[in-house]
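Work the whole structure out from these sequences, hints included.
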Amino acid sequence: MKKEVKNEKAKKYGMVIDLDKCTGCGACMVACMSENNVPFKEDESNKLDSIAWMRVYKLTNGKPFPEADICYLPRPCMHCEGHNGHAPCVSVCPATATDYNHETGIVSQIYTRCFGCRYCMVACPYHARYFNWWDPVWPEGMEKYLNPDVSPRMRGVVEKCSFCFHRYQTAMNKAYVEGRRKLEEDEYQTSCAQACPADAITFGDLNDPAHAVHQIAKPDLKHGGRSSNPNAFRLLERLGTNPKVYYLSSREWVRRAGDNYLKKDKTVKKLH
Amino acid sequence: MDSALMSRGVKRCPTWQFILWLCLFGGVLLWGVYAILLIWLKGLNQTNMNDNYGFALWIWADLGVIALGGGAFFTGFLKYVVGKDDLKNIINYAVIIGFICYSSALLILAIDVGQPLRSWFIFWHANVHSMLTEVAFCLSCYFAVLTIEFIPLILENRQIDKVPFFHNLSHNMHKVMAVFAATGAFLSFFHQGSLGGTPSVLFGRPFSYREGLLIWPWTFFLFTWSAAAYGPCFTLFVTRITEKVTKKKLVKQNTIDLLAKISGWMIATYIIAKIIDTWYWATVTAPSKGFAFMDFYSNNPLYGIWILVLEIVVCGIVPAIILLTPKGRNNSVALFIAVTLGCIGVLLNRWVMVLQVVAMPVMTFDKWVMYIPSWQEVATTILPVAYGIIVLMITYRYLPIFPQEQELNPNP
Ligand code: SF4
Ligand code: SF4
Numbered sequence: 001m002k003k004e005v006k007n008e009k010a011k012k013y014g015m016v017i018d019l020d021k022c023t024g025c026g027a028c029m030v031a032c033m034s035e036n037n038v039p040f041k042e043d044e045s046n047k048l049d050s051i052a053w054m055r056v057y058k059l060t061n062g063k064p065f066p067e068a069d070i071c072y073l074p075r076p077c078m079h080c081e082g083h084n085g086h087a088p089c090v091s092v093c094p095a096t097a098t099d100y101n102h103e104t105g106i107v108s109q110i111y112t113r114c115f116g117c118r119y120c121m122v123a124c125p126y127h128a129r130y131f132n133w134w135d136p137v138w139p140e141g142m143e144k145y146l147n148p149d150v151s152p153r154m155r156g157v158v159e160k161c162s163f164c165f166h167r168y169q170t171a172m173n174k175a176y177v178e179g180r181r182k183l184e185e186d187e188y189q190t191s192c193a194q195a196c197p198a199d200a201i202t203f204g205d206l207n208d209p210a211h212a213v214h215q216i217a218k219p220d221l222k223h224g225g226r227s228s229n230p231n232a233f234r235l236l237e238r239l240g241t242n243p244k245v246y247y248l249s250s251r252e253w254v255r256r257a258g259d260n261y262l263k264k265d266k267t268v269k270k271l272h
Numbered sequence: 001m002d003s004a005l006m007s008r009g010v011k012r013c014p015t016w017q018f019i020l021w022l023c024l025f026g027g028v029l030l031w032g033v034y035a036i037l038l039i040w041l042k043g044l045n046q047t048n049m050n051d052n053y054g055f056a057l058w059i060w061a062d063l064g065v066i067a068l069g070g071g072a073f074f075t076g077f078l079k080y081v082v083g084k085d086d087l088k089n090i091i092n093y094a095v096i097i098g099f100i101c102y103s104s105a106l107l108i109l110a111i112d113v114g115q116p117l118r119s120w121f122i123f124w125h126a127n128v129h130s131m132l133t134e135v136a137f138c139l140s141c142y143f144a145v146l147t148i149e150f151i152p153l154i155l156e157n158r159q160i161d162k163v164p165f166f167h168n169l170s171h172n173m174h175k176v177m178a179v180f181a182a183t184g185a186f187l188s189f190f191h192q193g194s195l196g197g198t199p200s201v202l203f204g205r206p207f208s209y210r211e212g213l214l215i216w217p218w219t220f221f222l223f224t225w226s227a228a229a230y231g232p233c234f235t236l237f238v239t240r241i242t243e244k245v246t247k248k249k250l251v252k253q254n255t256i257d258l259l260a261k262i263s264g265w266m267i268a269t270y271i272i273a274k275i276i277d278t279w280y281w282a283t284v285t286a287p288s289k290g291f292a293f294m295d296f297y298s299n300n301p302l303y304g305i306w307i308l309v310l311e312i313v314v315c316g317i318v319p320a321i322i323l324l325t326p327k328g329r330n331n332s333v334a335l336f337i338a339v340t341l342g343c344i345g346v347l348l349n350r351w352v353m354v355l356q357v358v359a360m361p362v363m364t365f366d367k368w369v370m371y372i373p374s375w376q377e378v379a380t381t382i383l384p385v386a387y388g389i390i391v392l393m394i395t396y397r398y399l400p401i402f403p404q405e406q407e408l409n410p411n412p
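Protein chains in written order, with our numbering: chain A, 1 to 272; chain X, 1 to 412.
Don't read these hints as lab results, they were simulated from the structure.
Quick caveat, the model's predicted, so the values are computed rather than measured.
A hint or two may mislead.
Keeping only pairs whose Cα atoms sit at most 30 Å apart, straight-line, the calculated DSBU-like set for lysine-lysine is [said to hold, decoys possible]:
1. A:K264 to X:K289
2. X:K42 to A:K144
3. X:K11 to X:K248
4. A:K47 to X:K289
5. X:K42 to A:K41
6. X:K289 to A:K263
Written out as structure tokens, the structure reads:
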């Protein structure tokens with residue numbers, strides 16, 4: 001007998017990255033590259049034309065010893081919601097090759113529709129979008145290790161972090177077969193979140209009070225999703241991009257590095 | 001040898017000389033074609049663009065030639081819609097220059113995309129929210145209008161005109177030209193505007209982001225305005241160079257004077273609007289995003305405050321003053337300096353609105369990134385210049401472009 005399947009309320013998948021825990025080991029970057037068949041070049045030293053959906057930045061407070069401090073900041077695509085789904089990159093794509101999914105909050109990228117105008121790359125202030133300057137070439141034998149759930153991309157199109165959307169699809173397929181529409185928190189996790197040895201990355205549905213991301217980020221929906229957690233911030237929040245990746249840090253200089261402030265301005269957290 | 005193709009009563013250089021120059025510019029053109037083939041076959045890795053510079057030299061060239069080509073729509077608008085009949089003596093040339101500019105822009109766009117064979121997706125899967133969609137639609141339509149405006153000119157060639165069908169066709173097309181000129185002005189308003197909107201809707205890029213009216217950022221209007229202001233400068237610039245090269249006066253001074261004066265008024269009003277826009281952006285928009293005005297002009301080897309001074313004062317206020325004073329307009333050297341500065345000014349504006357936007361860091365831990373184009377990018381950007389010169393050479397030689405040429409240069 002067919003089971004009654006109830007429609008679920010829209011999800012808003014997001015991430016919380018604890019910068020006090022991140023050691024900068026780069027496991028998330030490696031996990032992401034292999035999970036998503038991200039192509040690489042023989043010489044990856046030029047970071048301006050190599051692809052890394054997840055990139056770990058090194059931040060410093062610029063002070064001399066003994067106050068010198070550093071922080072590693074992993075940067076996936078922020079899956080910005082902008083205003084009502086108008087993410088900076090989504091609204092500009094002339095061919096609707098990137099889209100904001102209102103059911104999941106995930107910003108997709110349709111590789112076979114993208115014609116490579118790169119307007120979206122210019123629109124994204126996080127450098128989260130990468131262009132395939134070359135056709136992917138895998139070292140001999142490596143094509144056997146590619147993930148069959150993710151299509152490799154061809155030269156001339158843009159790609160970016162998808163929050164491992166194929167994992168969401170697989171989990172949803174399984175749930176449908178079992179007559180469910182709701183996923184458990186651990187049924188859909190991104191590859192980077194699982195790979196992080198320091199457990200710095202938490203992933204889940206920001207709309208679901210039972211999920212850890214909701215509990216940590218405490219998004220204030222009346223204020224464009226701004227976190228009510230005093231240690232949490234989002235990158236470039238003041239631009240109105242409305243990202244779904246939250247960062248945690250107990251250090252004021254790190255939180256301040258997350259956005260631009262005039263000298264006289266206080267850090268957002270202090271302002272509100 | 002080819003004199004049968006030329007209009008009666010005009011003098012042209014000997015055929016060998018013409019062919020020699022044709023070969024010279026043809027060589028430059030072929031160099032560009034070679035670069036295009038490399039890019040199409042091997043991909044955009046032939047350029048020095050990178051993930052920071054998704055838009056670079058080509059997009060600047062696109063915006064630049066479209067602004068310079070603005071002389072066509074604005075002169076057409078003034079002649080056919082406003083009724084400035086004197087401009088009939090320069091409108092043909094303005095149309096040809098516009099045609100060259102717009103065809104070059106389309107060619108550059110075809111090289112610039114990563115998957116050129118999918119370019120039609122922009123029409124098929126059009127996203128109505130994207131400024132580029134608006135650009136693509138209006139640009140293609142306007143190019144069609146320009147072609148229609150160009151055809152009767154070609155039909156006026158002495159030999160083609162002998163065929164009664166073509167003669168009548170050209171005559172009838174001339175009669176309805178006002179409709180096309182008005183359509184062209186309308187379409188130009190939108191694509192020049194949406195090109196202005198292209199960088200300014202990017203709310204993730206505080207350097208170019210602007211507030212505006214309804215869905216249009218202020219630069220939407222500023223770009224249209226500046227194209228109408230500086231486009232005629234380019235028409236006058238090319239006309240002057242043509243006169244120098246051919247050693248002939250081709251357009252009477254009263255026509256030049258009229259267009260220069262209108263351009264002067266347009267530049268003056270545009271510059272006032274631009275100053276207000278810059279002021280508001282520097283004191284309200286940018287600080288609200290956490291940026292101080294000087295953040296945009298420091299900590300990098302190239303983009304200093306000088307660029308704003310050059311654009312607004314040297315290439316804006318100065319040409320406006322020259323073009324607005326009768327003395328300035330009547331002095332051929334001053335006039336030439338003014339229109340040259342005007343062209344540089346609009347090109348500079350398009351440069352900062354494309355390249356400075358992407359050069360500048362937005363995240364606090366990012367850095368300014370500079371870029372030098374590869375030879376393939378340079379060759380393909382010079383190509384339109386060579387192509388333009390060749391088209392001008394051929395049309396000047398075989399078509400009656402300048403109605404006053406015979407009168408101004410009576411044959412001995
Ligand atoms: S981070 Fe960049 S690519 Fe990702 S949704 Fe935001 S603007 Fe788009
Ligand atoms: S590069 Fe592709 S995804 Fe990006 S704006 Fe252009 S067509 Fe859209």
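Which numbered hints turn out to be false for this structure? Per hint list: zero violations.
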